[in-house]
Amino acid sequence: NAGVMQNPRHLVRRRGQEARLRCSPMKGHSHVYWYRQLPEEGLKFMVYLQKENIIDESGMPKERFSAEFPKEGPSILRIQQVVRGDSAAYFCASSPPPAETDGYTFGSGTRLTVV
Amino acid sequence: AQSVTQLDSHVSVSEGTPVLLRCNYSSSYSPSLFWYVQHPNKGLQLLLKYTSAATLVKGINGFEAEFKKSETSFHLTKPSAHMSDAAEYFCVVSDPGGTSYGKLTFGQGTILTVHP
Chain G
16 NAGVMQNPRH
26 LVRRRGQEAR
36 LRCSPMKGHS
46 HVYWYRQLPE
56 EGLKFMVYLQ
66 KENIIDESGM
76 PKERFSAEFP
86 KEGPSILRIQ
96 QVVRGDSAAY
106 FCASSPPPAE
116 TDGYTFGSGT
126 RLTVV
Chain P
10 AQSVTQLDSH
20 VSVSEGTPVL
30 LRCNYSSSYS
40 PSLFWYVQHP
50 NKGLQLLLKY
60 TSAATLVKGI
70 NGFEAEFKKS
80 ETSFHLTKPS
90 AHMSDAAEYF
100 CVVSDPGGTS
110 YGKLTFGQGT
120 ILTVHP
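One line per chain: the protein sequences are G and P, in this order.
Residues in the first sequence are numbered from 16 upward in steps of one, following our numbering.
Residues in the second sequence are numbered from 10 upward in steps of one, following our numbering.
Hints are computed from structural coordinates only; laboratory data are not their basis.
Hints should not be assumed to be uniformly reliable.
Restricting the straight-line Cα-Cα distance to at most 25 Å, the calculated cross-link-like pairs of lysine to aspartate or glutamate (DMTMM-like) are [what the hints assert, rightly or not]:
(1) K59/G / D71/G
(2) K66/G / E56/G
(3) K66/G / E83/G
(4) K77/G / E33/G
(5) K67/P / D17/P
(6) K42/G / D71/G
(7) K42/G / D101/G
(8) K77/G / E56/G
(9) K59/G / E83/G
(10) K51/P / D101/G
(11) K66/G / E33/G
(12) K58/P / E55/G
(13) K66/G / E87/G
(14) K51/P / E78/G
(15) K66/G / E78/G
(16) K78/P / E24/P
(17) K77/G / E67/G
(18) K59/G / D17/P
(19) K58/P / D94/P
(20) K59/G / E78/G
(21) K58/P / E56/G
(22) K58/P / E80/P
(23) K51/P / E55/G
(24) K42/G / E72/G
(25) K59/G / E97/P
(26) K59/G / D94/P
(27) K58/P / D71/G
Below, a sample of chain P positions facing chain G; criterion: calculated Cβ distance under 7 Å [what the hints assert, rightly or not]:
(28) P49
(29) L53
(30) A96
(31) F99
(32) K112
(33) F115
(34) Q117
(35) G118
Using N, Cα and C, we set each Cβ at its ideal position, and we do this for glycine too.
So that you can see chain G by itself, here it is in the shape it has in the complex (with noise of 0.2 Å):
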């Protein structure tokens, strides 16, 4: 079981690209959480997903932020057109249902540079 896998770890983008951040669960987790982290900051809830489904985004910026978790492959957080202020780990983490009593296993995140 190789856990929550993240990729990349690194990511550098140019002001006013598009960063893709992708998730693969642990196996036989069907729920997927994204957590930013900013600089001296802890970590802020984005989004929850089930497969298919957005169940929460109250976290998620109102604009250029987007996310999805399909019914194959890896979930993923979309960021368009990024600025400096989006540079931050992002975590991703995913529990198996019912989400309430387990405890959440994190990936190694993604540390996103914007330049």
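Go by the hints and put chain P onto chain G.
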């Protein structure tokens, strides 16, 4: 709504002395509580979790935490610090009974420094 307050942004101890990292939470329902550790430029590792079973929870690497409902606290302790414990620690609450089902709320983090 749920929230977490870690009372110390930095804690410094000497190797071999006890560690206390403080955490208070606010939750409308019976919460699940977690402590995670993050070493520099690494991912998050689960230390321990409380899910309404025993109030004293034992985790990995000698850490434990006690859930005190009356004080709304979930402090993390270790009897004897090791150099390898130097990292950032996050107290986390999950509020499964409310509208924030499955969503984790993180504290701001406490950076633990261990001196030789």
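Here's how the hints hold up against the structure:
1. K59/G / D71/G: holds (13 Å)
2. K66/G / E56/G: Since the Cα atoms of K66/G and E56/G sit roughly 29 Å apart, the hinted pair is violated (cutoff 25 Å).
3. K66/G / E83/G: holds (8 Å)
4. K77/G / E33/G: holds (16 Å)
5. K67/P / D17/P: holds (22 Å)
6. K42/G / D71/G: holds (22 Å)
7. K42/G / D101/G: violated (30 Å)
8. K77/G / E56/G: holds (21 Å)
9. K59/G / E83/G: holds (18 Å)
10. K51/P / D101/G: Roughly 19 Å separates the two Cα atoms, so the pair holds.
11. K66/G / E33/G: holds (24 Å)
12. K58/P / E55/G: Given pair K58/P, E55/G holds - Cα atoms ~24 Å apart, limit 25 Å.
13. K66/G / E87/G: Between K66/G and E87/G the Cα gap is close to 8 Å, so the pair holds against 25 Å.
14. K51/P / E78/G: Violated, because 29 Å separates the two Cα atoms, which is more than 25 Å.
15. K66/G / E78/G: holds (23 Å)
16. K78/P / E24/P: Violated - the C-alpha atoms of E24/P and K78/P are around 31 Å apart, more than 25 Å.
17. K77/G / E67/G: holds (20 Å)
18. K59/G / D17/P: The given pair, whose Cα atoms are some 19 Å apart, holds under the 25 Å limit.
19. K58/P / D94/P: Judged against 25 Å, a Cα distance of about 18 Å means the pair holds.
20. K59/G / E78/G: Since the Cα atoms of K59/G and E78/G sit roughly 17 Å apart, the hinted pair holds (cutoff 25 Å).
21. K58/P / E56/G: It holds: about 22 Å lies between the C-alpha atoms, which stays within 25 Å.
22. K58/P / E80/P: holds (18 Å)
23. K51/P / E55/G: holds (14 Å)
24. K42/G / E72/G: Holds: K42/G and E72/G sit about 23 Å apart, inside 25 Å.
25. K59/G / E97/P: holds (16 Å)
26. K59/G / D94/P: Holds, because 24 Å separates the two Cα atoms, which is no more than 25 Å.
27. K58/P / D71/G: holds (23 Å)
28. P49: violated (11 Å)
29. L53: holds (4 Å)
30. A96: violated (14 Å)
31. F99: Holds - the Cβ of F99/P comes within 7 Å of chain G, reaching about 6 Å at its closest.
32. K112: Nearest chain G Cβ about 5 Å off; hint holds.
33. F115: holds (4 Å)
34. Q117: holds (5 Å)
35. G118: holds (5 Å)
Of the numbered hints listed earlier, those contradicted by the structure are 2, 7, 14, 16, 28 and 30.
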